[in-house]
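Listed below are the residues making up each chain.
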Amino acid sequence: MSELVIKNLQVSIDDNEILKGVNLTVKQGEIHALMGPNGTGKSTLAYTLMGHPHYKVTAGEVWFKEENILEMKPDERARKGIFLAFQYPVAIPGVTVANFLRTAMNARRKAQNPEDKGIPLPEFRKLLKEKMDILQMDHVFAGRYLNDGFSGGEKKRAEILQMATLEPEIAILDETDSGLDIDALRIVAEGVNTLTGPDMGVLIITHYQRLLNYIKPDFVHVMYNGLIVESGGPELALKLEDQGYDWIREKYDSVPVG
Amino acid sequence: MPGKPKVVVSKTRRTRVIERDFAFTNSDVPIAKNKSLASYRAQAWEAFKRLPIPKTTEEPWRRTDLRKLPVESFVLPAEGAYKDLAPVPKDLLKPLIADQHGGQIVFMPGGVKVELEDSISKQGVIFTDLETAQEKHPDLLSRILGEVVKPEEGKFAALAGALAHNGLLLYVPKGVQIEQPLHSVYWGPGAFAHISHILVLVDEGASITYVHESASPTEPDSSTMHVGIVEIKVEAGANLKFVELQSWGKHVWNFSHERARLGRDANLDWIFGAIGSRLTKNFSELDLAGQGSNGRMSGFYFTDGNQHLDHDTQQNHFAPNTTSDLLFKGALKGKSRSVWQGMIYVAPGAQKTDGYQANRNLILDEQARADSIPGLEILADDVRCTHGATIGNLEEEPLFYLKSRGIPQEEAERLVVEGFFDPIMQRIPFEGVRARFQSAILEKMLK
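Residue numbers (my numbering), protein chains in the order written: chain A, 276 to 533; chain B, 29 to 475.
These are calculated hints, taken from the structure and not from any lab test. Here a beta-carbon is modelled for each residue, glycine too, at the ideal position from N, C-alpha and C. Be aware that one or more of the hints could be misleading.
Between beta-carbon pairs, the in silico distance windows are [claimed, not checked]:
| id | chain 1 | residue 1 | chain 2 | residue 2 | range |
| --- | --- | --- | --- | --- | --- |
| 1 | A | Y483 | B | D393 | 40 to 46 Å |
| 2 | A | Q411 | B | D382 | 40 to 46 Å |
| 3 | B | I81 | A | A386 | 52 to 58 Å |
| 4 | A | R400 | B | P115 | 39 to 45 Å |
| 5 | A | A386 | B | T246 | 33 to 39 Å |
| 6 | B | E424 | A | Y489 | 48 to 54 Å |
| 7 | A | G507 | B | D393 | 48 to 54 Å |
| 8 | A | G393 | B | P115 | 32 to 38 Å |
| 9 | A | I394 | B | E175 | 52 to 58 Å |
| 10 | A | Y489 | B | T414 | 44 to 50 Å |
| 11 | A | E390 | B | D382 | 32 to 38 Å |
| 12 | B | G152 | A | A386 | 57 to 63 Å |
Just chain A, with the same shape it has in the complex:
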């Protein structure tokens, strides 16, 4: 059973301190929701875990499978089993979804076995079709350029398709619900539910509670001002839906507003 252990993580962007000592443990098989108002550092946490070069870690450790992943390159972290579904997936013109996914799968296989010749094409095609069916995606999707001209819903579905294909042990979903209409949201959520299980730990980052109507978290955390200030069960998300974030602000604002 592997787990992602975040210890006292402090992160800056351009000398602005964003994360001020985050502690969080996500185990395989658990679903965690990380909520909070905009601008409190949720996406910073996601990008930092994946190793984006703009985020500077000033203190702390992130342990996963006996290694501090903060010392690893983004691609090494990914091959070790960490996945980030982007809030704003990036278009790669000229590279098809299929070509991209096959390259990613082969990079993983090659890291495990340098002699590996790559996944055979028929096997890959079969796998990709199965995964696309889970997400109710037209098979022509595989031949389109990655995220290039995709609608908001298509981009998010493409992220989940990648997660389905790459089968990570820890998946971080950064605002996967943003920009989705209710039908797209349901499809994406159902996809995530099909994929979660004892082998995958999930950290869902969201501003709104609505995604949690479809994906039931085991734990809910609230981030505020660069810290996780509240943790609890699903009832915490419901409280936030009822009462909003004002009570969080009142409770944790060190400098009173006004």
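Since the structure of chain A is already known, use the hints to place chain B on it.
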């Protein structure tokens, strides 16, 4: 008076004005039995002697400096010179299109080998070297030789016209449709001036695919040059697919003047691939001379090290209802440099024409540089002409995205570069040509 004033003069810059020139002599001009070829060569020789080596003060040469061209050191290969040089790599002789080609001509320093399937020659197709053509097909030769590219157009056109020791004639008779592609290869090892002259005449209603490749090993200290002329006529209602690939060694100076003239309703699909040479200056022109003719030019280049590739293209709409579509895409590594300057010209009266040109560059290293100069000259009023030029870098966000999926940096870069070239690949309907480009990308990326 012994020369005190002379000494002073020689120290000033003024004496440097003495023009450098090639060491070729009149005896280097190949002897032609055919009268029109002989007079063409004589005329070209006159032009060659008269024209100076281009300088950067001339507009087409502004970005391509020939001062380091070791003009005096180039020699022509003697008969049979290839016998002592690296043999043609087998890969180069493989058909790039379909399973087999209908014919193949292999040029080597001081030699040529010609093959043509009986089934194709029986239909009247001629695919032969220039020496054979002048003896056996003088009438066809006079329909195209010097008709499309004039030796007077420049120093290198004149040089090629006068001295081409390797050349070919491809002729497809009226209405003949050939499925199997024809293939020619110029294999140019050794310290030589390789001079070529390619003549393609596709007669009315005929159709064919033709691939020409130039290649040589890299021999760093050799003075090697290629100078070529390509003359193409696609007559009324005819179709030509023409693919040119150059992978000259990194020491080779490469110059060419190429032009295709299209008759009424003729179609040309012209594909360029350039990965080799130390320096290339290529003039490629599309003359849409017949009403309703249609030409597409697709270019691919990838430079590294100190390479300098300069492509000068011109799309001339001389007749109404003509269309042209040019897309050149290039990636640059190291300290390499590319120049693309393109012009769409629409003649008075050439109404209802549609011209497009675009040049896209991807800079992979800080010290690489791409110059992109599109141009329009439109003298008709009912036309649609558009152009675009871009120069971009490898961006961090796409690379991070790819890496976040487990793809290592180098491979992520390769993927982005391949994606960049994909629109060009989509224009190439030949798997073998695409595979050649793709392996070139891979090789350049891994360096």
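Structure-based check of all given hints:
1. A:Y483 - B:D393: 40 to 46 Å: For B:D393 against A:Y483, whose Cβ atoms are near 45 Å apart, the range 40 to 46 Å holds.
2. A:Q411 - B:D382: 40 to 46 Å: holds, 41 Å
3. B:I81 - A:A386: 52 to 58 Å: Because 55 Å falls inside the window, the suggested range holds.
4. A:R400 - B:P115: 39 to 45 Å: holds, 41 Å
5. A:A386 - B:T246: 33 to 39 Å: holds, 34 Å
6. B:E424 - A:Y489: 48 to 54 Å: violated, 34 Å
7. A:G507 - B:D393: 48 to 54 Å: holds, 52 Å
8. A:G393 - B:P115: 32 to 38 Å: holds, 34 Å
9. A:I394 - B:E175: 52 to 58 Å: holds, 55 Å
10. A:Y489 - B:T414: 44 to 50 Å: Because 47 Å falls inside the window, the suggested range holds.
11. A:E390 - B:D382: 32 to 38 Å: violated, 53 Å
12. B:G152 - A:A386: 57 to 63 Å: Holds - the Cβ-Cβ distance for B:G152 and A:A386, about 59 Å, lies within 57 to 63 Å.
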